[in-house]
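Engineer: Read top to bottom, the protein sequences are chains P and U. Note that my numbering gives residue 150 to position 150 of the first sequence, counting from 1, and the numbers run on in steps of one. Note that my numbering gives residue 132 to position 132 of the second sequence, counting from 1, and the numbers run on in steps of one.
For the record, the hints were derived by calculation from the structure and aren't laboratory data. Any given hint could be a false lead.
[Stated by the list, open to error] Partial list, derived from the structure: chain U residues whose beta carbon lies under 10 Å from chain P:
(1) Ala10
(2) Leu13
(3) Leu23
(4) Leu81
(5) Thr93
(6) Tyr95
(7) Ala100
(8) Ala111
(9) Val112
(10) Tyr118
(11) Thr123
(12) Gly125
(13) Trp154
(14) Ile235
(15) Val236
(16) Leu257
[What the hints assert, rightly or not] Covered, in the sense of this in silico footprint (three residues per stretch, anywhere, with C-beta under 8 Å from a C-beta of chain U), are these stretches of chain P:
(17) 86-94
(18) 118-130
(19) 146-160
(20) 207-213
(21) 241-255
All C-beta atoms, glycine included, are put in the ideal place defined by N, C-alpha and C.
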Amino acid sequence: MGAPVKGRLLDLVLVLAGLVMIAPLVWLIVTALSEPINAFQLPPQWIPRPPTLQNFQQVPDLIPFAQMAWNSVQIAVITTAGALLTSALAAYAFNRLRFPGRDQIFSVLLAALVVPVQLTVVPIFIMMRWLHLVDTTVAIWLPALVNVFGIFFLRQYISSIPRELDEAAIMDGAGHFWILFRVILPLARPGLTALGIFVFEASWNNFFWPYIFLSSPEKMTLPVGLVSLQGAVGGGPAVVLFAAITLVVLPILVLFLIFQRSFIASIATTGLRA
Amino acid sequence: MPGYLFISPAVLLFLIFVALPLLAAFGLSLFHWDLLSTPEFAGLDNFKQLVQDSATIRAVFNTFVFALASVVTHVGIGMLLALGVHRTMTRGTKYFVRTAFFFPFLVSWAAVALLWKYVLDPTFGIAAYYLQSSTNWLASPTWALPTLIVVDWWHTIGYTFIILLAGLQTVPAQLHEAARVDGANAWWRFWSVTLPVMSPTIFFATVITFIGAFQIFDPMVIMTQGGPDGATRSIVQYTYEKGFQSFEVGYAAALSLVLFVVIMVVTGLQFRLSRRWVHQ
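Isolated chain P, as found in the complex (with noise of 0.2 Å):
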């Protein structure tokens, strides 16, 4: 008798929790289209009144916003590309493929999952320099391409994929490359949407390899050039920030709202599968 009770009480409590974890992100919009003279006043505002777009204006007088909105998206478009299609191709070769050295040069890969890119960002800094790559958005993409955790999950993805499938396709005489693109890969939309997205959401919000590799304004990726702003905002206007961080918030927010389900199966997917 009392269970309805307790159950409805927990679903209060969960609710008013989830009103405090989304509280500071309201907070956020909500003084972005604030006035400037309205904004930061105690106790807190909830509604932007009056609401004004005069803030979201203003970012591009500090920094290079939509060059580096540009950057973010070509970045983490050929990153995602780029990783899905190197993985497909030897998550292919090692599930379907028999050549000599197959599972030790798959373990050799496997065992790259360890090392973390903070002990080869030195190295690869180095790399670049010489190169003259550093301070351009290939030294963020290129080393990229590679994805030892893609490979892994596409490779887990393909091996339940029916041999017979491909069997049929190699009875009339089709090539691997015709197989992979044709038969296995349309098969594996879920697995590379999967990846796909956790690949892009990575690279879009990577803050890390930017940072070290980004010094122009022009050249930043949203993340880094938000942090650069803390710096010229200095003693001004704070709302400024709080516009271009929406600015970054809301296309996430509006493309997670319209394909939740697609980005929980993603973490669900590449989460549980590994």
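Could you slot chain U onto chain P? The hints should help.
Structural biologist: Relative to the frame of chain P, chain U by itself:
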């Protein structure tokens, strides 16, 4: 051999951007080098300096505290949340709670760290107002690290939560039914059914959280610069300072090897211990 052709792009990139730099890091750790003059062979100097450097010891200590607190709070509260959401509730409630706890994970650390600096501001931040406190948490040697642990929790709990929730959904309902028929109460069903079935997922979440926490860098750099007085400096941040600010490349390489060894040892230990409690 089509096999070699198919793996060649990945393997080539792997050799250039993983294997070679890994070997180079070992090599660099044996030199003194400022990136400009000729590298000078130093033997084990960097490592000797490392064990005597109080900043290194502090950074290793901070990183361990951060990682341990991170694992306990992520897996512990994440499990409670997953259990809380994995019940009968209205669709709207479930959607809201799941979204509220998961979404911050998708926001970049840069945005999170900048926003939280203002949330925590002692004069006009919302945390100060609602907690009725004027403590400057990020400037306090006592509170700075715990505060970063809280901010990190807010940012990444969504990941642990979703992984645990997905694991919870794999627990067969029949097992629960059978235990219920046998008269097991809710606590006993959790202990004897849910926990054993979930143990591989909990193990995975623990390992991943540990590895991620040991590599923490972003919030320290953006929010505290490692301060006050080294109270929040992490291993990776110290590596960054040595390698890219004071240009002691050899020392930085030695530090990054310490991180590598710490991660390997802790992960290895976890796998060893897992045989005692993880059901295969």
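Engineer: It remains to establish, for every hint, whether it holds in the given structure.
Structural biologist: Hint-by-hint comparison with the structure:
Given hint, alanine 10 (chain U) at the interface with chain P, holds; its Cβ is 4 Å from that chain's nearest Cβ, closer than 10 Å. A distance limit of 10 Å between C-beta atoms decides the matter here; for leucine 13 (chain U) the minimum to chain P is near 4 Å, and the interface restraint holds. At about 8 Å, the closest approach between the beta carbon of leucine 23 (chain U) and any beta carbon in chain P falls short of 10 Å, and the interface hint on this residue holds. Evaluation of the leucine 81 (chain U) hint against chain P yields a held restraint, the C-beta minimum of about 8 Å falling below 10 Å.
The criterion of a C-beta within 10 Å of any C-beta in chain P is met by threonine 93 (chain U), whose closest approach is roughly 5 Å, and the hint holds. Nearest Cβ of chain P to the Cβ of tyrosine 95 (chain U): about 8 Å, under the 10 Å cut. The hint holds. For alanine 100 (chain U), the interface hint holds, the least distance from its beta-carbon to any beta-carbon of chain P being 3 Å, beneath 10 Å. Because the smallest distance between the Cβ of alanine 111 (chain U) and any Cβ of chain P comes to about 5 Å, under 10 Å, the interface hint for this residue holds.
Annotation: interface hint on valine 112 (chain U) holds; nearest CB of chain P at approximately 9 Å, less than 10 Å. Because the smallest distance between the Cβ of tyrosine 118 (chain U) and any Cβ of chain P comes to about 7 Å, under 10 Å, the interface hint for this residue holds. Residue-level restraint check for threonine 123 (chain U) holds (minimum Cβ-Cβ distance to chain P is 9 Å; threshold 10 Å). With a cut of 10 Å, the hint placing glycine 125 (chain U) at the interface with chain P holds, because the nearest CB-to-CB distance is about 9 Å.
Contact between tryptophan 154 (chain U) and chain P, as hinted, is supported at the beta carbon level, the nearest pair being about 7 Å apart and thus within 10 Å. The interface hint given for isoleucine 235 (chain U) holds, since its Cβ lies 8 Å from the closest Cβ of chain P, which is under the 10 Å cut-off. Taking 10 Å as the C-beta cut-off, the interface hint given for valine 236 (chain U) holds, the closest approach to chain P being about 5 Å. The beta carbon of leucine 257 (chain U) comes within 7 Å of a beta carbon in chain P, closer than 10 Å, and the hint placing it at the interface holds.
Counting residues of the stretch 86-94 of chain P whose C-beta sits closer than 8 Å to any C-beta of chain U gives 7, which meets the bar of three, so the coverage hint holds. A count of 11 residues in the stretch 118-130 of chain P with a Cβ less than 8 Å from any Cβ of chain U is obtained; the coverage claim is therefore met, three being the minimum. Only residues whose beta carbon comes within less than 8 Å of a beta carbon in chain U count, and the stretch 146-160 of chain P has 3; three or more means the coverage holds. Check result for the stretch 207-213 of chain P against chain U: holds, 4 residues qualifying (beta carbon to beta carbon below 8 Å, three or more required).
Coverage of the stretch 241-255 of chain P by chain U holds in this model, with 7 residues showing a Cβ closer than 8 Å to a Cβ of that chain against a need of three.
The structure agrees with every numbered hint stated previously.
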